[in-house]
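Novice: Each residue of the sequence shown is one higher than the one before, counting from 1 in the numbering used here.
Derived from the structure by calculation, the hints contain no laboratory data. A couple of the hints might just be wrong.
[As the list claims (entries may be wrong)] When the alpha-carbon atoms are kept at most 20 angstroms apart in a straight line, the in silico EDC-like pairs for lysine to aspartate or glutamate are as follows:
1) Lys106 with Glu225
2) Lys55 with Asp213
3) Lys135 with Glu204
4) Lys135 with Glu181
5) Lys57 with Glu204
6) Lys106 with Asp226
7) Lys55 with Asp100
8) Lys150 with Glu167
9) Lys57 with Glu167
10) Lys119 with Glu188
11) Lys219 with Asp100
12) Lys119 with Glu204
13) Lys57 with Glu181
Given the structure is predicted, the values throughout are model-derived calculations rather than measurements.
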Amino acid sequence: MAGHSKWANIQHRKGRQDEKRQRVWTRVMREIMVAARMGGGDLTTNPRLRLAIDKAKAANMPSENVKYGIAKATGSLEGVHYEEVRYEGYGIGGAAIIIDCMTDNKVRTVAEVRHAFSKHGGNMGTEGSVAFQFKHCGQLIYAPGVSEDKVMELALDAGADDVITDEDGAIEVLTPYTDFEKVKNALEAAGLVAEVAEVTMRAENTIELSGDDAQKMQKLLDILEDLDDTQDVFHNAALSL
1 MAGHSKWANI QHRKGRQDEK RQRVWTRVMR EIMVAARMGG GDLTTNPRLR LAIDKAKAAN
61 MPSENVKYGI AKATGSLEGV HYEEVRYEGY GIGGAAIIID CMTDNKVRTV AEVRHAFSKH
121 GGNMGTEGSV AFQFKHCGQL IYAPGVSEDK VMELALDAGA DDVITDEDGA IEVLTPYTDF
181 EKVKNALEAA GLVAEVAEVT MRAENTIELS GDDAQKMQKL LDILEDLDDT QDVFHNAALS
241 L
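My request is simple: use the sequences and hints to build the entire structure.
Specialist: Next comes the structure, spelled out in structure tokens:
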């Protein structure tokens, strides 16, 4: 089925992440530590830790850093105790925003998130106020030019929920979040490596923003993403910048 073009937005996001590699490493390290603390340091029995290490490899994080994070989280070394917390709110034009954080001080974090919303044209919501507009799922995105038929056949056979071809030719594979690794591994075994591969909160519907509204929304998203405790920011705005 056809879908809204998102390739330019994906490339824009990846470019911004590359510019902030040190911040990306910090966030990946937190994810590794929380995953290891919750599920142990054994990769064979901890799928969340495997995904976190995949992120670390994609960000070119040295393996020594990964081992250090696991050791701190599992008690081999003294470390900071991080908690996961989610905030929800509204951006420009009523666009829905979810901010996932890891923090050692929830009072500080909620104050920073609330300040970012109020200063940049958004409104912080209550728990559950926008989450219903997103689906927790696995997402694999392939660049334009990859064989749609091959991706569809392999993905659906491996347990994917849907395969969507965007108007610019990019292919998006959606999976149950529990089956993400299985589908990803099946496609990679056939030589199909995704440009984006993650478990995410995917917006069910999008709000189109352009001109000044798109610029303001991007500014708000940038501020939220740059907060020290932010891990991920999800939103349903389609920005024409």
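Novice: Work down the list of hints and note, for each, if the structure agrees.
Specialist: Here is how each hint holds up against the structure:
Only pairs whose Cα atoms come within 20 angstroms are accepted, and lysine 106 paired with glutamate 225 is accepted, the gap being roughly 17 angstroms. This hinted pair does not check out: lysine 55 and aspartate 213 have alpha carbons roughly 32 angstroms apart, beyond 20 angstroms. Distance hint between lysine 135 and glutamate 204 is fulfilled; the C-alpha atoms sit about 7 angstroms from each other, no more than 20 angstroms. Under the criterion of a C-alpha separation no larger than 20 angstroms, the hint pairing lysine 135 with glutamate 181 is consistent with the structure, at around 17 angstroms.
A distance of roughly 29 angstroms separates the Cα atoms of lysine 57 and glutamate 204; the hinted pair therefore is violated under the 20 angstroms criterion. Distance check on the hinted pair: lysine 106 and aspartate 226 sit about 17 angstroms apart at the alpha-carbon level, within 20 angstroms; holds. Between lysine 55 and aspartate 100 the alpha-carbon distance is near 16 angstroms, which keeps this suggested pair within the 20 angstroms criterion. Note on lysine 150 and glutamate 167: the hinted pairing holds, with a Cα-Cα distance of about 18 angstroms set against a maximum of 20 angstroms.
For a cut-off of 20 angstroms, the pair hint linking lysine 57 to glutamate 167 is broken: about 31 angstroms separates their Cα positions. This hinted pair does not check out: lysine 119 and glutamate 188 have alpha carbons roughly 44 angstroms apart, beyond 20 angstroms. About 18 angstroms separates the Cα atoms of lysine 219 and aspartate 100, which keeps this hinted pair within 20 angstroms; it holds. As the CA atoms of lysine 119 and glutamate 204 are separated by approximately 27 angstroms, the hinted pair breaks the 20 angstroms bound.
With a CA separation close to 15 angstroms, the supplied pair lysine 57 and glutamate 181 stays within the 20 angstroms bound.
The structure is inconsistent with the numbered hints 2, 5, 9, 10, 12, although it conforms to all the rest.
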